[in-house]
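**Q** Could you use the hints to bring the two separately framed chains together as a complex?
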Amino acid sequence: MTVSAVPLSVRPAPSTPQQWWTLTTRMILPTLANGELATQIIGSIVFTVGFYLPLKNILGAVQPMSSYAQYLTPLIVLQAIFFAAVSAAFRSAMDALQGINRRFRAMPMARLTPLAARMTASMYRCVIALIVSLVCGHIIGFRFHGGPWHTAGFVVLALLIGAALALMGDLIGAATRNPEATAPLLLVPQVTLGLASVGLQPAERFPHWIQPFVRDQPLSQYLNALRALAGDTTPAAPPVTWAVIGPALAWVGASVVLFTWLHARVARRP
Amino acid sequence: MPSFDKAVVVDDLRKSFGSVEALRGISFEVGRGEVLGLLGPNGAGKTTTVDILSTLATPDSGTAVVAGHNVRTDPGGVRRSIMLTGQQVALDDMLTGRQNLVMFGRLQGLKKGEAKSRAAELLERFDLAGAADRSVKHYSGGMRRRIDIACGLVVRPEVVFLDEPTTGLDPRSRLAIWELVSDFKAEGIATLLTTQYLEEADSLSDRIIVIDQGTIIAEGTADALKERTGGAYCEIVPRDMNDVPAVAAALGALLPAEHRAALTDSSDRVAMPAPDGANTLIAALNLISAADIELQDIALRRPSLDEVFLQLTGQEAAPADVGAVT
Numbered sequence: 001m002t003v004s005a006v007p008l009s010v011r012p013a014p015s016t017p018q019q020w021w022t023l024t025t026r027m028i029l030p031t032l033a034n035g036e037l038a039t040q041i042i043g044s045i046v047f048t049v050g051f052y053l054p055l056k057n058i059l060g061a062v063q064p065m066s067s068y069a070q071y072l073t074p075l076i077v078l079q080a081i082f083f084a085a086v087s088a089a090f091r092s093a094m095d096a097l098q099g100i101n102r103r104f105r106a107m108p109m110a111r112l113t114p115l116a117a118r119m120t121a122s123m124y125r126c127v128i129a130l131i132v133s134l135v136c137g138h139i140i141g142f143r144f145h146g147g148p149w150h151t152a153g154f155v156v157l158a159l160l161i162g163a164a165l166a167l168m169g170d171l172i173g174a175a176t177r178n179p180e181a182t183a184p185l186l187l188v189p190q191v192t193l194g195l196a197s198v199g200l201q202p203a204e205r206f207p208h209w210i211q212p213f214v215r216d217q218p219l220s221q222y223l224n225a226l227r228a229l230a231g232d233t234t235p236a237a238p239p240v241t242w243a244v245i246g247p248a249l250a251w252v253g254a255s256v257v258l259f260t261w262l263h264a265r266v267a268r269r270p
Numbered sequence: 271m272p273s274f275d276k277a278v279v280v281d282d283l284r285k286s287f288g289s290v291e292a293l294r295g296i297s298f299e300v301g302r303g304e305v306l307g308l309l310g311p312n313g314a315g316k317t318t319t320v321d322i323l324s325t326l327a328t329p330d331s332g333t334a335v336v337a338g339h340n341v342r343t344d345p346g347g348v349r350r351s352i353m354l355t356g357q358q359v360a361l362d363d364m365l366t367g368r369q370n371l372v373m374f375g376r377l378q379g380l381k382k383g384e385a386k387s388r389a390a391e392l393l394e395r396f397d398l399a400g401a402a403d404r405s406v407k408h409y410s411g412g413m414r415r416r417i418d419i420a421c422g423l424v425v426r427p428e429v430v431f432l433d434e435p436t437t438g439l440d441p442r443s444r445l446a447i448w449e450l451v452s453d454f455k456a457e458g459i460a461t462l463l464t465t466q467y468l469e470e471a472d473s474l475s476d477r478i479i480v481i482d483q484g485t486i487i488a489e490g491t492a493d494a495l496k497e498r499t500g501g502a503y504c505e506i507v508p509r510d511m512n513d514v515p516a517v518a519a520a521l522g523a524l525l526p527a528e529h530r531a532a533l534t535d536s537s538d539r540v541a542m543p544a545p546d547g548a549n550t551l552i553a554a555l556n557l558i559s560a561a562d563i564e565l566q567d568i569a570l571r572r573p574s575l576d577e578v579f580l581q582l583t584g585q586e587a588a589p590a591d592v593g594a595v596t
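Which chain is which? The protein sequence lines are A and B, in order.
All residue numbers for the first sequence refer to the numbering used here, where the first residue is 1 and numbers rise by one.
All residue numbers for the second sequence refer to the numbering used here, where the first residue is 271 and numbers rise by one.
Please keep in mind that the hints were generated in silico from the structure rather than gathered at the bench.
Watch out, some of these pointers could steer you wrong.
Unchecked claim - Every beta carbon over 10 Å from chain B, so not counted as near; a handful from chain A, in silico: (1) Ala5; (2) Ala183; (3) Ala203; (4) Gln211; (5) Ala250.
Unchecked claim - 25 Å max Cα-Cα, derived DMTMM-like pairs, lysine to aspartate or glutamate: (6) Lys276/B / Glu384/B; (7) Lys381/B / Glu391/B; (8) Lys407/B / Glu180/A; (9) Lys56/A / Glu180/A; (10) Lys276/B / Asp476/B; (11) Lys407/B / Glu204/A.
Glycine is no exception: its CB is placed at the ideal position from the N, C-alpha and C atoms.
For reference, chain B alone in the conformation it holds in the complex (with noise of 0.2 Å):
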């Protein structure tokens, strides 16, 4: 078993570009076998970090530790046990998949024959055998970024990073990309997941950090975070779609501005805090029916993630439904 209690430690991480300062004071720990999902808007820092702790670029100031290795003093012994997955796929695509995998496998020092069974099983294991002999710029998004992937387990890695894993995949390979997560967890691997998508935030992580410019604005399980948010929503939902902006006049001071600023012309429904619980629900439903607007449902429910990030930053996450491409 590795030598090292926590896989990554962080504290009080600073990075600046120029006059931008992408990371101001960041700390956290990841345990082996746990998944922390990092969590933004574009340009909170995510990438920043993972870049520092994959050691692709230096700190300021603070210390990283990577399965016991400092970036700083050690960025060797972190290069040889991590598993980095940028946004972008990493590949050459002159090669095929089969001839993508024995390079890294070789890369990575394993000998002929090894880095050859190795490619064998992850071809198996991601569900790429049938493409194997086909040069990988004729695969589709889902194939690429699953052999990109496939390319990053030749060896074994003690800490995973994936960089928005699933932007812009389809459905299948997004599936298989969560199944493998459930893996690494039970390997005793940590995973750094940093994604948009709260949905895929609040499914895989075991804890999740909210990031925003530079400096973490919430920490704790999916479920804590929607705790923090003051318990319970109010969820309304008109008969006709059409009659969101008319529902949302009609609550007048009920609906706060940032609620009533998240709403676009494709809402099909109107939610909102509710501090009071009923009796906020009561006040709702009188203002509406004043109104005399026709409702299909109204409902008190417990926040969803999008909410808690809506609260905490003031913007609305990334729709968790787009990008099916494939």
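Chain A extracted, bound-state conformation (with noise of 0.2 Å):
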């Protein structure tokens, strides 16, 4: 009992900033060390090539555009964003579950604080797999052909409907409070949604029945609005027009709206 466990110091006042980059750096610091950006890095380049060599020549034929490469990239690119928002998922049940949210809330810190942190952390794990998706794409021949403006257009989309689902995630963590469970139930969507689209072939080469779903669905709706950002050499490539482009922006806000308004009412709960 040398020292005296409380400090004698005046408490300084806490900072907005401060507190979002602490809580920000927590959730980045641990995935250099702990294997999850090189689970992320493989698992981008595990799905390029598990893709691609075996359905280039099945599935290549039978797409319009100039390459396979330039057909997949974006479906490549798509579910590397969804691998982000399984962790963003993960991450925000384990703070759930550990009760850290709970003693976030009785300390002087804005209430939306913690959520603002993890989501640029996911916006951090969105950025790494967008890069490694479009390196993947380009070793197999994945070229932007729109110009600088389609390809920022490309880069912004693309975060964009990386952070709906990393919000979808970090929704599903704080609902379930159950890490194990967060990644089995974020796999039904990407699977059945991955495969269902028109990610990997053309609407027509799926059954009739199931065509409007395949043509419709917001994955699809995404994929259509990349590859027209993307461009290609030949006319395939669906127009940069409000037709092609805003369907993938009304999905990414209203899942934006609706993630956000159902997270305050997972948040009030006790």
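**A** Right under this line is the structure:
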């Protein structure tokens, strides 16, 4: 009992930017050491190899674009970003389970700061996912043909989709408070939407009855918009028009509004 | 010095969850440097009270002022004045003990250097320096509890809420937390301690409030509460503990029903109020020797807080020796 446990100094005034940054780095730093970052990079590579090599001859012949790499890469990007959302769900469930959210709420900290920090960490994961999947795409032959504005549009749209998915993952984690359940829960939409989309093959290749779903579901809308923004050497890429980009933006906007609203409801639970 | 006389002032606090009335009009005060024990069975309303005082829940009616800040109109002021440790340890399991301390220091507004030196001090003080750079998910239960409390002390609190702080702790960690409470007293910090352990409330608290089903059913010092049950108790210890049921049977109407109900298979003695002092003891002794039961000891003594609790709530308190988990 040499030192008193109680500090004598006056309490400092907490600062919101400092709190946001502290909470962001606490989630980013462990990813460097615990293999999460490495898993994400390897995941993107495995996904590229696993879909491109076996399918390029079978499905490459039936798609309209200049190469299967050009056709497939938007799906690789979206799947990589989906993995980032799964990590977001896991972290959010851990925080909810460990009771650290409860502790934060009894501290001098703005209500939204922890969520803002988790979203920032999620966007860091999305940026990594985007870079790695674009490098993989480049290696198999994917190229941007639409000029700098369309390329920037591709990056911004991919990150917006990432934000919407991360918000969904965060919500699922906070609602279930069960880290182990988050990955299987998110695997269902990832696999069903991923396979029953225009990501691997055109809608016409699906059985007639499922074609409307394949064409109109959000993942296909995202893929169309990303393909339009990436462009192609042939006229087969969708045009960059509101009819193509609009639905993707509408899905992103609606998801963000819905998930934010649900999040506020979940956060109010005791 | 802070500009408030009473650290906590609670007046007619009420809170319902659906049709369940968790708090039915609770009022009490805690002075600076005072330790108030909030004692009651599970579901009595202890945690609801702590939740309201730490701004995690809002009361339906009534007022609560913590360190001069009203929980309803100035929750930010309350949050800047308190330290809360819940029943569950709340840490970031991905981080080491030191990283957790630095994180909480930064969240409370310390500069990077200050947060680091404060973390080192706390690790030393809580006997965790050796484990400082290990991930907290590998800590034992007692170590986790100590680092959890240390994280609340990166800056000075005016009011400390310890919600069942020693539940499930090994004796060494429990002792460390008891020592900490005397530090708080010495520093003029008010402590609100909720517990199911009478032994703990008895030895740490200046004053005890017994709460049951959302109302305060008794208030006072441990001594005053013991007086309330009418003074003396008679304790009868048979030579063979298997004779406890026989003793209970022999005592007949002398043993009140709630004390009879409190006996279990592991009871080694029978305790009961002795309203007539030595005369009760003699009456009991006569009944037992008539039944031909051999005794090891029979004596009059003051009631324990357990007995007070039993008398007040009609149910038994949690045994004080459970959960020696390491």
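**Q** Each hint needs a verdict: does it hold in this structure or not?
**A** Now for the hints, and whether the structure bears them out:
no., hint, in the structure
1, Ala5, "5 Å, violated"
2, Ala183, "17 Å, holds"
3, Ala203, "43 Å, holds"
4, Gln211, "45 Å, holds"
5, Ala250, "37 Å, holds"
6, Lys276/B / Glu384/B, "30 Å, violated"
7, Lys381/B / Glu391/B, "15 Å, holds"
8, Lys407/B / Glu180/A, "16 Å, holds"
9, Lys56/A / Glu180/A, "34 Å, violated"
10, Lys276/B / Asp476/B, "15 Å, holds"
11, Lys407/B / Glu204/A, "52 Å, violated"
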